[in-house]
Amino acid sequence: MKTEVVQPHDIFYRPKRMVVPLFQRPYVWSKETQWQPLWQDIARLIDVISKHDPNATHFLGAIVIQQVPTALGALQSWNVIDGQQRLTTLQLLLGALHAELTRRGFSNAADRIHPLIENPEAERDAAEDRYKVWPTNRDRPAFAAVMSAPAPIASRALPASRMRDAHRFFAETIGEWLGEDDDAERRARSLADAVTTRLEIASISLDANEDAQAIFETLNARGTPLSAADLIKNFVFQQLPEKEAEAAYQQYWADFETPWWEAEVTSGRIKNTRSSLFMWQWLVARTLEDFPIREVFTQFKHYVSTVAKDIRALLPQIKRAADRYRAVIEGAAQPVGALSRTELFSYRIGALNTDVARPLLIWLDEPEQGAISDEDRKHILVTLESWFVRRALVKATSQASNRIVVDLMRRLSAQASERVADEVRDFLAESQATTAYWPGDTEVRAVVRDARAYTSYRQSVQRMIFEALEDDKRGYPDGRAFTMGPIVRGKATIEHVMPQKWRQHWFAELSEEEQATRDWRIQQLGNLTIVTQSLNTRVSNGPWEQKREHFLRSDDVLITKDAINLVDDSGWDERAIGHRTEQLIDRILELWPVPEGHVGRAETKPATSTATVDVAQLVDAGWLDAGTLLVPGGSYFRKGVEATISQDGRIYVGDAAYDYPSAAGYAVHGSGVNGWWYWAIAGTEQRLLHVREEYLASVDGSDAGSDEPDEEMEQR
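Per the numbering used here, the very first residue in the sequence shown carries number 1; after that it's consecutive.
Hints were generated in silico from the structure; no laboratory data involved. Just so we're clear, the structure is a prediction, and the values are computed from it rather than from any experiment. Treat the hints with care, since some could be wrong.
Unchecked claim - Each computed EDC-like pair below joins lysine to aspartate or glutamate, with the alpha-carbon atoms no more than 16 Å apart: (1) LYS561 <-> GLU418; (2) LYS319 <-> ASP255; (3) LYS395 <-> ASP450; (4) LYS271 <-> ASP648; (5) LYS319 <-> GLU366; (6) LYS395 <-> GLU443; (7) LYS16 <-> GLU118; (8) LYS378 <-> GLU418.
Generate coordinates for the entire structure from the input sequences, incorporating the hints supplied.
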């Protein structure tokens, strides 16, 4: 290894080709973050040289390159191990400078730059030998287009790319800096000198036999790390010969660098690229080990070194699983038409905001599980779906779900194929821990009956439940399909049969206690339905006769018509809501069944008090979501004041984080407030206090408190 401080002139002057391996990330530097700061540093450097210190320099950072053995007389070649963003940007800067100097006729200055961006024709054996730096595959056309365009360069005529934008930025900025006066040529010479000889780079040169991979990983462990998929890609293709790596990349890996796979997705409240998330879930399915996603690269290397030692055989396995993974997710996202049972499972579990079953879906789809029958696969998914849905309905904790799925896969891997479906049922039925038990009919009925469903469950959960009930009524997905197709997924809206603003058209001679009861009843499951076309406010809040007529005439939702048929001319009231709630629960228990005789009680839980419940506990238990928007509630409301709940339970007001609701409330209000009463969930009248009370009621089975501020939590 040779380490030295060099200038761009030293790096680029001699004929050479610096190749960015195909497995490295594409060019990602941008104007605000890198190009503009780089130019400002250069302009400042020239000013310092001219006014204060003629020997001033500016340090740009480091690069790591490794020499590639070449034939005698061939163009010298180096692989770029680290620093490709920096080297590529320097080439774009030098190319833009050369084009601007050429356009202005400053030939002497331009001639100094030209050898730094192109190799002499006599040194070229292939077209790409023209370029000093040769980017990774997907960037090569854009780089070649902009670096080979004759001056003056019509940037807007070139294909849109980040490289074109960088070149244009530098060209326009250089043009503005040079100006149009008589001093422009002198300034051009100063600029050329500063860029080529006053910028400094720490260059680390490796011999062909040194371990570039280890150095690459060490360098990328600091700052903003590469994604897990990037690191795995680098590790895999470093182990293949260059010519073989090119073909393998195109066949097995190139898709991972398309927008769908590079999109950031959230799983477990953590954002990752979809490709990294897949690699983690796939590796969990292959190793049957539970580990956090941050360890996926380390685990992958261990897996390759101990189990899957043949990289050539591993790549097709990853590709096959990835294609199937994408097909299921994209299929589940289709709003119209019947879905396969796997796609339907994927859609419904997605509505519950959980992704922990993905490794099991991958495991089931591996060739090793090919002997499992289609009927058994269906039973497995129905069983798992019941476990997930029932736990969501009773607000069971999602802690340790990853471990439970891994434990289940381990059990299944030891079973004969004809036993797998029964083993899934038995495994889930025998669990009694609060983190794993399968809620029985009695608990589900009690919790759902007493829940203010509209405020207790996320809209996506409510919609999915009603969609499932409606599809079952229509004969899906069990093959009893009638003339109607499945309901359009993800589009219906939740509607109160008796409106929340019932006092205008639904008023009766009710005591204060009866009015309070009605305010609670209208949020019950039995008073909710879905509509495929949103009702206007006049109809939504209108009297029963008008609303009933609209449902009968304009809506095709069968479960709504069932609700209408429950009542006679006396109209829709609390008794009807209670009756329909029980009917819907009956159907939920049938749709997501448990084994006959299953009780499904969790181990006894210690009583919980308001003094021990914090926001983090509510997030962990699924009663609040990370990212939930809060606003001051009721008379505290102030336009423009917002706060956000983080995944660790802290409350963010702008960039400031607060451990307790009252601390966040004090920061906004300017004086002491009870934060549990102060903060409400945006778009609702539900205070944090109400969420806490419902949570306490669910874990203790008792009245959690009142709607009055809790003095015990005043300072929290």
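Each hint tested on the structure:
| no. | hint | result |
| --- | --- | --- |
| 1 | LYS561 <-> GLU418 | violated, 42 Å |
| 2 | LYS319 <-> ASP255 | holds, 9 Å |
| 3 | LYS395 <-> ASP450 | holds, 13 Å |
| 4 | LYS271 <-> ASP648 | holds, 14 Å |
| 5 | LYS319 <-> GLU366 | holds, 12 Å |
| 6 | LYS395 <-> GLU443 | holds, 11 Å |
| 7 | LYS16 <-> GLU118 | holds, 9 Å |
| 8 | LYS378 <-> GLU418 | holds, 13 Å |
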